[in-house]
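Peer 1: These protein sequence lines map, in sequence, to chains A and B.
Using the numbering used here, read the first sequence as starting at 1 and increasing by one per residue.
Using the numbering used here, read the second sequence as starting at 1 and increasing by one per residue.
Think of the hints as simulated: they come from the structure by calculation, not from any bench.
Treat the hints with caution; some may be incorrect.
What the hints assert, rightly or not - Per the computed footprint, the stretches of chain A lying under chain B, defined by three or more beta-carbons under 8 Å from a beta-carbon of chain B, are:
1. 8 to 22
2. 301 to 315
3. 338 to 344
4. 414 to 424
5. 442 to 456
6. 611 to 621
No experiment lies behind these values; they were computed from the predicted model shown.
Built from N, CA and C at the ideal position, the CB exists for glycine as well.
2 protein chains.
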Amino acid sequence: MASTDLAALFAPRSVAVLGASERPGSSAGYVMRNLARFGYAGRVIPVHPRGGTVFGLPAVAALSDLDEAPDCVVIGLRAELVPAALEEAGRLGSRAAVVLASGFAETGAEGAALEAELIAIARRHGMAVCGPNCLGLVSRGSGAALYSSTISPEMPQGRTALISASGASAIALAHSGQIGIGALVSAGNGAVTGLAAYVAHFAQDPDIDTIAMVIEDIGDPDALATAMQAVHAAGKSAVALRVGRSALGQRATAAHTGALAGTEEAARAFCRRAGILDLPDMDSFLAALRLCGAQPTPPALKRAAVLGVSGGGVAHVADIAAETGLPLAELSDRSVAALRELLPGFATPQNPLDVTGAAFGGSGIYARALDILDADPSVGVTLAVQDAPPALAPDMATEYEGIAGACASYTGATPLVALSNLSAGLHPQVAAAYGEALRLPGTRAGLTAIAAWLTTPRAVTWRRAEGTDILPRALSESAARALLGLPGPIETLATSAAEARAQVAALPGKAVLKIASPDIAHKTEAGGVALSVGAEAAAEAYERIVASARAHAPAARIDGVLVQEMVTGGIEAMLGLVDSPPYGLGLVVGLGGTMVELLQDSAFELLPVTAERAAEMLDDTRLGALLSGYRGAPPCDRAALVAAMVALSEFGCRHADALEAVDLNPVRVLEAGQGLRLLDALILPKAAE
Amino acid sequence: MASTDLAALFAPRSVAVLGASERPGSSAGYVMRNLARFGYAGRVIPVHPRGGTVFGLPAVAALSDLDEAPDCVVIGLRAELVPAALEEAGRLGSRAAVVLASGFAETGAEGAALEAELIAIARRHGMAVCGPNCLGLVSRGSGAALYSSTISPEMPQGRTALISASGASAIALAHSGQIGIGALVSAGNGAVTGLAAYVAHFAQDPDIDTIAMVIEDIGDPDALATAMQAVHAAGKSAVALRVGRSALGQRATAAHTGALAGTEEAARAFCRRAGILDLPDMDSFLAALRLCGAQPTPPALKRAAVLGVSGGGVAHVADIAAETGLPLAELSDRSVAALRELLPGFATPQNPLDVTGAAFGGSGIYARALDILDADPSVGVTLAVQDAPPALAPDMATEYEGIAGACASYTGATPLVALSNLSAGLHPQVAAAYGEALRLPGTRAGLTAIAAWLTTPRAVTWRRAEGTDILPRALSESAARALLGLPGPIETLATSAAEARAQVAALPGKAVLKIASPDIAHKTEAGGVALSVGAEAAAEAYERIVASARAHAPAARIDGVLVQEMVTGGIEAMLGLVDSPPYGLGLVVGLGGTMVELLQDSAFELLPVTAERAAEMLDDTRLGALLSGYRGAPPCDRAALVAAMVALSEFGCRHADALEAVDLNPVRVLEAGQGLRLLDALILPKAAE
């Protein structure tokens, strides 16, 4: 139902409000008041069994008394009464509803049944439904303030749509004074119309540029990825704050909406693969919204220049940049020369750049320094660091106006962000001087937002693997290797001493020889095993093994001798697939062996994984460093591991429906050119349902 | 000179200002204006070669024209003129000086020589000197605003002393509106009077409760640790923000003051051991200052309760608490029962606690929930989460006033912190309703501050190791082990087969037997080695080795056979000491073996290390988990490792002056009760100077 048109929710021509009442605290009463407050120009029809008037508007006793179906009904009735009301609205021809009541899936089995009923009714009639268990929504364009709590039309207006699982967070963000709201949605349980449907709607909404999401439950990732394609196509941005990431946090949200989130690493991977900026806290979320609002498209170059009038101030920014993974640009020789000429002799022309107090007053030094950084081909974004807190005396604030003015009149092509180290606010006089320049408050929040803005791809590269190839129920290790198309130790059967010698000689190292007989179970006791055999000793070992076996078990059938590569050297990796609902399979790679959990060295990515992404994943692990030739050791076959990761990803995609997990550990990655060997391989099919 | 009294800097009876001028931009002119602005009541004497009046005050042509020495001289002259001026002031009997000029150690060798001259003069006359390369200082109590930049007496006044290496950061913090300033110091190079001296001064200053430090160079750690003892004794708090922690950040501060910081981990360890709250960014630093100002003594119980009116809001706090290492309390059964009775049925009585919208209005639910948490013996601090941003309409703000009022009238014994998820400010109407309740803006900054406040010990446990025991220049491995008093593999000499058998039997496992002869260099080639020998085979092996050796080298003197423990099993650790200027030796411990750098598993602590701290350090490493018996393996001898850490610490303390490093890797930690064995040991004495 992702294609349900949400116009009847956000721009209805008429709204019926069921349960409308002037009683204080009435949820439908709030909606009546907000519609008036936000100047909604459509028809508002209070519905109340007693009729009369509500807030001066004539009420009807029942929906069925209306001659024409309202576009949208707001159902301000208690949970048990909702299905009948929704059914009636649907039958009349209403296209949308807002269901305010709690008492649905968030409360247990009984509520879940009620919610299922609600979903069935909405689907039958093709209705969009905001809720249940929600505060509703506000559209600034239409004035449709179908919102059941106090909200003010004076909240700053703009081009951000805010979809929030938390009503309180929505109110806080919308009134922060930092962003302008074009639409606001408290989606509640999102039973019918979920996050993805709202995102798809705002992707097309000409009044919206930036989509802000406070997420407790990501909902349907497939639909959200599709909606994100529309967001990117429209050149818009989507920014997420996920709450309930920790075990305790999840407990609080679970109590709230009954939603169950996937693992943190899978959710993070999904956001990146869908091109959603994923911020870790409220302040950095707000900063990212401001940034995306001002500069929806980040620069191609992911490196920042930092300048300010204080060595300590720019040093602090450099410290936090290092912690938040924001690389600083290395200035060109030309910039260094230009800065040396511009700045006083005691200043050092470098990045981070302290232009010193010489930039105060009407010197123009600040503006010229900004232009030099703009012209530097290694700079992707310039961060102009300046605090000017609210309690400054007016004459002090005046000193900073020149700096703010230089930012305001900056016309460079490189994006400019004015950043303060303190988030404690800006002196109004200085704030005015910044004009339209983008300002972000607080070093850590600001730099976290800038890093997300710079490094989140603006594309959808995730699609759910939907392969339906089936898997046998019980797979031997060698069958698993064969299915994966990845090698174990090399193994051949020799039927003569000469063959054994040739086969051993063909191996990269030494061999283990084992008697091949269906009748000899305990090979070692039969003298049927030789370890560490080189080519020169292979023929003799063959003869000895066969003779021993014959002596030990005269009646046994002997097929020959198994020549098996002795895998030595190289590095132990682990590689695997793991089902990560609701996103499907993810691939993990890292240091392997018996200490995997202890080493805690793994990178995670959702399928499909390309060779490029596989290489990046290795760069994120200590395994990657080890493969490159740690402490003078010869480099290992990284290319073979990348190829195996891609092969495993493709295998996962083909068998997506059937796989619970794949666990390859250890994978011995040999010296460069020698490939890798799976020393253990486990494929775990999904339990039959 | 730590004992120099700083009263002449902060409360001088008279101040002479050298270079005083009404010329705009004159550094001494700023000081003249600020003294007037801050109502300094002492005598101000402008000193200018031309005499006349400066800002209406009669100037003298030279200091020597004065009949009485001024308590303090402010030297607003360029660097080259400073030594002569300081010498003259010292000769006259001035006890303090503020040296504003740059051009000293921060600029190179020539400046460093000038600074050395300045230091010698100040020491000779026993003068305290603020600077050089500084903006000076402001004391609110005396009105001594010896500050050479724009600053306003309207900056919020209070009981915080701010010592800042960055003038711009000091101004930003002092005017943030979040803290009240009692004194402010821009110490510049701190050549004579450094951070420690200021801290010692403020520890005794009755107008100061909280000492805030923006640090680029920690200066003299010994003196600072001593000063911190006075801070703790006075029940005051010291809070630090260190800038230039990253390589690039250090570059910017190095350009600024010529200071060189120690390693990040050593600096962190020092702060903890000195009882200094060490915050990672400006916002959390400010939050910690507010917290310490309101509650200098943290609760004994280091666990928080979180409550709010929104599931999403408290979940977000729980998420960030998990990330910042702030544990949440498990509520008592009694609290859960009380909350169940208090809250509506759909609310879940748990921590984090969503008291739901039922707490709005005059219900009293919020206040009663605060009291329930206060009474819970598992709660150390209660965090009341509520956003009320500035752009709220007045009627919306009114809804939050009840919550703010509940915090304002809270009288519980458990500290209460009102926290907002957004740092974007608070609606003035709600701010007023919070009254004297402590509010911290921004989840991450707030929780980071609370974690530091709760977990930083308020005591000094660091003292510089000053042992002067000397070390031989070149130490063999066995000599190194002997010096450390830590065992290598057990080794004895057997002179008969019977002895060999007894000695092998006494070992915990198998043995290696080696011919003991000063004349046989290549023992293996002489047939003089037997591996993996058990007691039953020891006598035979003894005879065989001796016979082989005699046959191989009939003339060789044979002392007998060396019986050496074969060290197998256990876990490889690494243990070491490393010189960490300016703090002296630090101890490191972690996973050992050849992959040490790759495993990146180490804990660091400055000497001395107690057994208790050694155990904590192990808890911080993956080695610690491995020692406890990873994946069903038998636990290893953790106690032996702890004892070795303490022994190594004591060794380090005894040889502090002589040691560059000790590197013990691998240390094989055997099964519990079996001790450990140093398999390699290197003691690196300091290079002769």
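Peer 1: Kindly indicate which numbered hints from before are broken by the structure, ordering the numbers from low to high.
Peer 2: Those not satisfied are hints 1, 3, 6.
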